[in-house]
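K.L.:
Quick mapping for you: the protein sequence lines, in order, are chains R and S. Mapping to the working numbering: the first sequence position 45 is 45, numbers consecutive. Mapping to the working numbering: the second sequence position 83 is 83, numbers consecutive.
Don't read these hints as lab results, they were simulated from the structure. Built from N, CA and C at the ideal position, the CB exists for glycine as well. Heads up, some of the hints might be wrong.
Unchecked claim - Counterexamples of contact, computed for chain R against chain S with all Cβ distances above 12 Å:
{"id": "1", "residue": "Thr22"}
{"id": "2", "residue": "Arg30"}
{"id": "3", "residue": "Val55"}
{"id": "4", "residue": "Tyr67"}
{"id": "5", "residue": "Ile90"}
{"id": "6", "residue": "Gly103"}
{"id": "7", "residue": "Leu117"}
{"id": "8", "residue": "Arg126"}
{"id": "9", "residue": "Trp144"}
{"id": "10", "residue": "Ala265"}
{"id": "11", "residue": "Cys266"}
Unchecked claim - A few chain S residues facing chain R, derived, Cβ under 8 Å:
{"id": "12", "residue": "Pro80"}
{"id": "13", "residue": "Gly81"}
{"id": "14", "residue": "Gly85"}
{"id": "15", "residue": "Asp90"}
{"id": "16", "residue": "Phe94"}
{"id": "17", "residue": "Pro95"}
{"id": "18", "residue": "Gly106"}
{"id": "19", "residue": "Arg110"}
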Amino acid sequence: MNDHATVTAEGAQPSAPVAAITSRRRNRQRLETLRAIVLGAGFPILLILIWDRAVAMTGTRLIPSPYQVAVMMYDFSFGGIYDDAFSGTILIHVWKSVQRVYGGFFLAALVGIPLGLLIGRIKLLRQLLDPTISLLRPIPVTAWLPLSMIFFGLGPNAAIFLVFLGAFYPILLNTIFGVRSIDPRLFEAASMLGCAGTRMFRQIVLPASLPAIFNGLRVAHGFAWILIVVGEMTGVPTGLGSVVMDGRTLSRTDLVITGMIVIGACGFVTDRIIVAISNRLLSWSPQHLE
Amino acid sequence: MSNALHPETLTVRGVTKRFAVGDDEVEALAPVDLTIPQGEFVCLIGASGCGKSTLLRIIAGFEEPSTGEALIDGKTITGPGSDRGMVFQDYALFPWMTVRENISFGPRQRQLLRGEIEKITDEFVRMVGLTPFADRYPSQLSGGMKQRVAIARVLANNANILLMDEPFGALDALTREQLQHELLQIWTRTGVTTIFVTHSVEEAVLLADRVLVMSAGPGRIDSDFRIELTRPRDVSSPEFNALRRAIARRLTSHIAPSKA
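From just these sequences and the hints, can you work out the full model?
P.N.:
Now the structure itself:
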C-alpha cells in the first residue's frame with residue numbers, strides 16, 4: 001500500500017511550490033560547488049605563498065621562487081624569454097608522454113581486465129597463476145629498468161613497458177577482487193533465466209565487477225603518470241620525464257619544478273576524465289558516485 | 001490453460017541431501033517424496049534448518065540431491081532452467097540494469113525478436129504496476145518494488161513453476177500484505193505452480209492450497225494440510241484460526257521434545 005502512495009506522489013506533475021523548492025535546491029547546489037572550488041583551489045595558493053616566503057626568508061639559491069618557476073612555465077609553454085632548447089616545447093613533451101602513459105595504460109587494461117575476469121571466475125587458472133602473480137607483484141617497477149632496457153633497447157618502448165608493469169597489477173588485482181565479490185545469487189538468477197557460457201561473462205561478470213575494475217583503473221592511471229619519469233629516464237630525448245631529468249643534469253631546478261607541475265596537471269585532468277566516464281557507466285551504483 | 005491436457009507435475013522422489021561440514025557430514029534432508037500438480041499453490045513451512053530452502057534449491061536445480069531425483073513431467077531436473085524461476089528473499093536483481101532490463105533479461109537470452117521482447121516486457125512491467133518506474137535502477141526502488149521486479153522477471157521468462165524463498169521476509173507488514181494480495185492475483189491469472197517457503201503460519205494459511213510442515217534433524221515432510229477455504233480468506237474467521245492453530249501445533253510438536 002505504501003508503495004502505491006509513492007506511485008501517485010512521484011507520478012504527479014510538479015506544481016508551483018514544488019518548482020520553488022527545486023529552484024532553491026539548485027541554488028544551494030550552486031553554492032556548494034562554489035565552496036568546493038574555493039576550498040580546493042585555496043589550499044594550493046596557500047602552499048605557493050608559504051613556498052615564496054620560505055625562499056625569501058632563507059635566501060636559498062638552490063630553490064627558485066614561485067615567480068621564477070612561473071616565468072619558466074611561460075617560456076616552456078610559449079617561448080620568447082630564455083630561447084633555449086626547452087622554450088615553447090611543452091606540447092611536444094606532453095604529447096610524447098601522453099602517448100607512452102596511455103600506450104602502457106591501455107595495454108595493461110587490455111591484458112589485465114580479461115585475465116582478471118578469467119582468474120576470478122575459473123578456479124584452475126587461479127591455482128595456476130596466483131602464486132606467480134604474488135611473487136612478481138612485490139618487485140619494484142624500477143628494478144625492471146635494466147632488464148627492460150635489454151629487452152626493448154633505449155627508447156620509448158622501455159618506458160611503455162615500465163608503465164605497463166606499474167599499471168598492470170592494480171588493474172588485474174582489482175578485477176579479480178571484483179569478480180570474487182559478486183553475489184553468487186546473481187549467477188544463479190542469470191542461469192535460471194537461461195544465461196550461460198561466454199554470455200555469462202559479458203552480461204553478468206563484466207558489468208557486476210565494473211565498480212572494482214574502475215577503482216583499479218584509477219589507481220593504475222595514477223601509477224602510470226608516476227612511472228613516466230622513471231620510464232623516460234631510459235635515454236629518450238623528449239617527454240615530461242626527460243625534461244625533469246634534463247633539468248636535474250643541468251641544475252635547473254626551475255625546469256624540474258615546471259616539469260613536475262605539468263605532470264601533476266596532466267594526471268589531474270585525465271583522472272577527472274576517468275571519474276566522469278566511471279560516473280556515467282556506474283550511475284546504477286549508489287555508492288560509486290562522487 | 002493449454003497445460004490442462006498435459007499437466008506438468010512436479011515430482012520429488014526419495015530426495016536426500018548431505019552437506020560436508022568440516023570433516024563431518026550433516027544430513028539436511030531425509031528421503032523426501034512429494035507430488036505437486038500443475039497450478040497448485042504450496043507453502044513449505046518449518047523451523048530454521050529443516051531443509052525447506054534446500055528442497056527448494058534442489059527443485060530449482062541450484063543443488064544436486066545426494067540421492068533420489070526431482071522430476072518435471074517425468075524428466076529429471078539436472079540444473080537451473082527457465083521453466084522454473086526462483087524469487088530470492090534478497091531479490092538478486094541485476095543492479096546495473098533498469099527495471100525494464102531486469103524483466104527483459106530472460107526473453108533477451110532466448111533471442112526473440114526485438115518487438116516481441118518489448119511486448120512481453122511491457123506486459124509484465126504493467127502486471128506488477130511498475131510502469132512509472134520502468135527506467136529506474138534497483139537501488140532507486142523500495143523493497144516491495146524490488147520484489148515485484150523479481151517476480152515479473154521470472155514470469156516474463158515463461159516459468160511454469162514459481163519458487164519463492166521467504167520472498168516477503170524482509171518487507172514491512174503493510175508492503176507484505178499488499179504483495180501477498182498481488183501474488184494471489186498473479187497466480188490466479190497465470191495459473192503458475194507456486195512453491196512458497198515461509199516462516200509465518202498465517203502467511204501459509206492465507207496463501208496456499210496446501211501447507212507442508214517440515215521438521216528438522218534431518219529435514220522431512222511432517223504433515224500435509226489442505227486449505228479448502230475460499231479466497232479471499234478472512235484471517236479473523238474461526239475456520240482460518242482453527243487451521244492456523246492446527247499447523248502451529250504440528251510445528252511446535254517437534255521443537256518441544258528437542259528442548260526437553
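K.L.:
For each hint, tell me whether it holds in the structure or not.
P.N.:
Tested hints:
No Cβ of chain S approaches the Cβ of R/Thr22 within 12 Å, the least distance being about 18 Å, so the stated non-interface status holds. With a closest Cβ-Cβ approach of about 24 Å to chain S, R/Arg30 is found to remain outside the 12 Å limit, as its non-interface label requires. With a least beta-carbon separation of about 51 Å from chain S, R/Val55 lies farther than 12 Å from that chain, consistent with its non-interface assignment. The Cβ of R/Tyr67 sits about 51 Å from the closest Cβ of chain S, beyond the 12 Å cut-off, so the non-interface label holds.
Listed as outside the interface, R/Ile90 is consistent with that label: its C-beta sits roughly 41 Å from the nearest C-beta of chain S, beyond the 12 Å cut-off. Remark: the non-interface label on R/Gly103 is consistent with the geometry, its nearest Cβ contact in chain S lying 30 Å away (cut-off 12 Å). With a minimum CB-CB distance of about 15 Å to chain S, R/Leu117 clears the 12 Å threshold, and the non-interface call stands. With a minimum CB-CB distance of about 21 Å to chain S, R/Arg126 clears the 12 Å threshold, and the non-interface call stands.
Taking the minimum C-beta to C-beta distance to chain S, about 37 Å, the non-interface status of R/Trp144 holds against the 12 Å cut. The beta carbon of R/Ala265 is kept farther than 12 Å from every beta carbon of chain S, the shortest such distance being approximately 33 Å. Every CB of chain S lies more than 12 Å from the CB of R/Cys266, the least distance being 31 Å, so the non-interface label holds. For S/Pro80, the shortest C-beta to C-beta distance to chain R is roughly 4 Å, which falls under 8 Å, so the interface hint holds.
Taking 8 Å as the C-beta cut-off, the interface hint given for S/Gly81 holds, the closest approach to chain R being about 7 Å. With its C-beta approaching chain R no nearer than about 6 Å, S/Gly85 sits inside the 8 Å limit, and its interface hint holds. With 8 Å as the threshold, the beta carbon of S/Asp90 comes within range of chain R, its nearest partner Cβ sitting at about 7 Å, so the hint holds. Annotation: S/Phe94 was flagged as interfacial toward chain R, and the flag holds, the nearest CB pair being 6 Å apart, inside 8 Å.
Taking 8 Å as the C-beta cut-off, the interface hint given for S/Pro95 holds, the closest approach to chain R being about 6 Å. For S/Gly106, the suggested interface contact is upheld, since its CB lies about 4 Å from the closest CB of chain R, less than 8 Å. Given hint, S/Arg110 at the interface with chain R, holds; its Cβ is 6 Å from that chain's nearest Cβ, closer than 8 Å.
Checked against the numbered hints given earlier, this structure breaks none of them.
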